[in-house]
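Which chain is which? The protein sequence lines are A and B, in order.
Per the working numbering, the very first residue in the first sequence carries number 5; after that it's consecutive.
Per the working numbering, the very first residue in the second sequence carries number 5; after that it's consecutive.
Treat the hints as calculated values from the structure; they're not laboratory data.
Treat the hints with caution; some may be incorrect.
[Said to hold, decoys possible] Calculated cross-link-like contacts (lysine to aspartate or glutamate; reagent style EDC-like; alpha-carbon spacing at most 20 Å):
#  : chain 1 : residue 1 : chain 2 : residue 2
1  : A       : 149       : B       : 101
2  : B       : 149       : B       : 120
3  : B       : 117       : B       : 63
4  : A       : 117       : A       : 163
5  : A       : 117       : A       : 63
6  : B       : 149       : A       : 101
7  : B       : 149       : A       : 180
8  : B       : 149       : A       : 163
9  : A       : 149       : B       : 180
10 : A       : 149       : A       : 120
11 : A       : 117       : A       : 162
12 : B       : 117       : B       : 163
13 : A       : 149       : B       : 174
14 : B       : 149       : B       : 123
15 : B       : 149       : B       : 180
16 : B       : 117       : B       : 62
17 : A       : 149       : A       : 180
All of these numbers come straight from a predicted model, not from anything done at the bench.
Below, each chain spelled out in residue letters.
There are 2 protein chains.
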Amino acid sequence: MTLDPLPETDLTRHRRLRDQGSLDRADLNAILDAGFVCHLGVVIEGRPLVVPTVYGRDDQELYLHGSVASRSLSGGVPVCVTVTHVDGLVLARSVFEHGVNYRSAMIHGEARKVTDPEEKLAGLRRLTDHATPGQWSYARSPSRKELAATTLLALSLEEASVKIRSGPPDDGDGPDAGLGLWAGTLPLTSVWGAPVTDPVLPGETPVPEHIARREGTRYA
Amino acid sequence: MTLDPLPETDLTRHRRLRDQGSLDRADLNAILDAGFVCHLGVVIEGRPLVVPTVYGRDDQELYLHGSVASRSLSGGVPVCVTVTHVDGLVLARSVFEHGVNYRSAMIHGEARKVTDPEEKLAGLRRLTDHATPGQWSYARSPSRKELAATTLLALSLEEASVKIRSGPPDDGDGPDAGLGLWAGTLPLTSVWGAPVTDPVLPGETPVPEHIARREGTRYA
Numbered sequence: 005m006t007l008d009p010l011p012e013t014d015l016t017r018h019r020r021l022r023d024q025g026s027l028d029r030a031d032l033n034a035i036l037d038a039g040f041v042c043h044l045g046v047v048i049e050g051r052p053l054v055v056p057t058v059y060g061r062d063d064q065e066l067y068l069h070g071s072v073a074s075r076s077l078s079g080g081v082p083v084c085v086t087v088t089h090v091d092g093l094v095l096a097r098s099v100f101e102h103g104v105n106y107r108s109a110m111i112h113g114e115a116r117k118v119t120d121p122e123e124k125l126a127g128l129r130r131l132t133d134h135a136t137p138g139q140w141s142y143a144r145s146p147s148r149k150e151l152a153a154t155t156l157l158a159l160s161l162e163e164a165s166v167k168i169r170s171g172p173p174d175d176g177d178g179p180d181a182g183l184g185l186w187a188g189t190l191p192l193t194s195v196w197g198a199p200v201t202d203p204v205l206p207g208e209t210p211v212p213e214h215i216a217r218r219e220g221t222r223y224a
Numbered sequence: 005m006t007l008d009p010l011p012e013t014d015l016t017r018h019r020r021l022r023d024q025g026s027l028d029r030a031d032l033n034a035i036l037d038a039g040f041v042c043h044l045g046v047v048i049e050g051r052p053l054v055v056p057t058v059y060g061r062d063d064q065e066l067y068l069h070g071s072v073a074s075r076s077l078s079g080g081v082p083v084c085v086t087v088t089h090v091d092g093l094v095l096a097r098s099v100f101e102h103g104v105n106y107r108s109a110m111i112h113g114e115a116r117k118v119t120d121p122e123e124k125l126a127g128l129r130r131l132t133d134h135a136t137p138g139q140w141s142y143a144r145s146p147s148r149k150e151l152a153a154t155t156l157l158a159l160s161l162e163e164a165s166v167k168i169r170s171g172p173p174d175d176g177d178g179p180d181a182g183l184g185l186w187a188g189t190l191p192l193t194s195v196w197g198a199p200v201t202d203p204v205l206p207g208e209t210p211v212p213e214h215i216a217r218r219e220g221t222r223y224a
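Given only the sequences and the hints, what does the whole structure look like? Please build it.
Right under this line is the structure:
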């Protein structure tokens, strides 16, 4: 499948480190699918507020959720959602060339509040199954009251930018290469652990297969 | 050592999920020390921008750095810096009670640009040794030109808030406990991998001890 490239706009144009920028929508989708926690930025009374929150997506939109009481989930205001995976440290010969290997996606837009109950359920399903595939059909679905107490925002994936840095430090071909110092990267890996059963649960309740099979698999 | 509690202000007061809020400055420091990448939020022409960047700290201030060309590092404007560690998924009986175990710190203020060369060097040292303890004295220090090309911001740690969630789901004592569903948490662990030597490096260059010893240790 070929995806349309990400459009270059005033907000998504890569001003700096252009070699780390990507306009490939498949890169965007891969970064979003690798994680489930984003940092949502909004402006409250002229000041920035950056809140970690969970997300899911379909092909067109990102879904964000939280309490209806949350200040950061009001809808109809400009937001910036950033998802970052840290892959390791870039340890160069010089302090100046030090950096981080990472994959990061940034999405700009005005999120809309999802109010239609059917659409809200569908969005929450995306969100739940994004973090834990298979969990929506396993757990008890939201009641009408719970649904009303949940804010779901949808944010178009149209205006987005991606930055990726990987590989060794950049000063291997410069004068510092003669310093005789070690240089390279120190990778960081995240792994799902063994499920921890709620201590109040009766002992015979089995860990469902869709959760048990994640143990030991890599995250992000 | 006893630390003063974090002050409750309009920005740091925990409006929601108050049981997850902490005013303990030791919690703030522990969260900051466990990571090295934050999400920096600024307001650019009325819109939020959330940028991942590295940081270090001392007892009073957080240090953030980037290129002088970066839009997000202008200094003298309100910023919000958020550091989040995701510890795992909270898998409850009901979708509504699902959540994330995490530790998150949020710092508000107006960052100041560090211009004094000595203070800048000291701040960059904090930053470098925060991500890789011991690396400042191992790698080549910044030249005057490199120092001039680096923006360092300092942000007071005075106005900050902390949220922590840990432990099993909250619906073990409600009516959903009778559904017979498994519930618990799925922990996420990040670990430093084996150092990857820059392929252009002569083979005899040893991995320095301060880097080699991190392999297999836990991150965040």
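Results of checking the hints against the structure:
1. A/149 / B/101: Given pair residue 149 of chain A, residue 101 of chain B holds - Cα atoms ~13 Å apart, limit 20 Å.
2. B/149 / B/120: Distance ~14 Å between residue 149 of chain B and residue 120 of chain B Cα, so the pair holds.
3. B/117 / B/63: Holds. Residue 117 of chain B to residue 63 of chain B sits at ~18 Å (cutoff 20 Å).
4. A/117 / A/163: 18 Å, holds
5. A/117 / A/63: 18 Å, holds
6. B/149 / A/101: It holds: about 13 Å lies between the C-alpha atoms, which stays within 20 Å.
7. B/149 / A/180: Holds, because 15 Å separates the two Cα atoms, which is no more than 20 Å.
8. B/149 / A/163: 36 Å, violated
9. A/149 / B/180: Holds, at about 15 Å.
10. A/149 / A/120: 14 Å, holds
11. A/117 / A/162: 17 Å, holds
12. B/117 / B/163: Between residue 117 of chain B and residue 163 of chain B the Cα gap is close to 18 Å, so the pair holds against 20 Å.
13. A/149 / B/174: 18 Å, holds
14. B/149 / B/123: With a Cα-Cα distance of about 16 Å, the restraint between residue 149 of chain B and residue 123 of chain B holds, given a limit of 20 Å.
15. B/149 / B/180: 63 Å, violated
16. B/117 / B/62: Holds: residue 117 of chain B and residue 62 of chain B sit about 16 Å apart, inside 20 Å.
17. A/149 / A/180: 63 Å, violated
Violation of the numbered hints given earlier is confined to hints 8, 15, 17; the remaining hints are satisfied by the structure.
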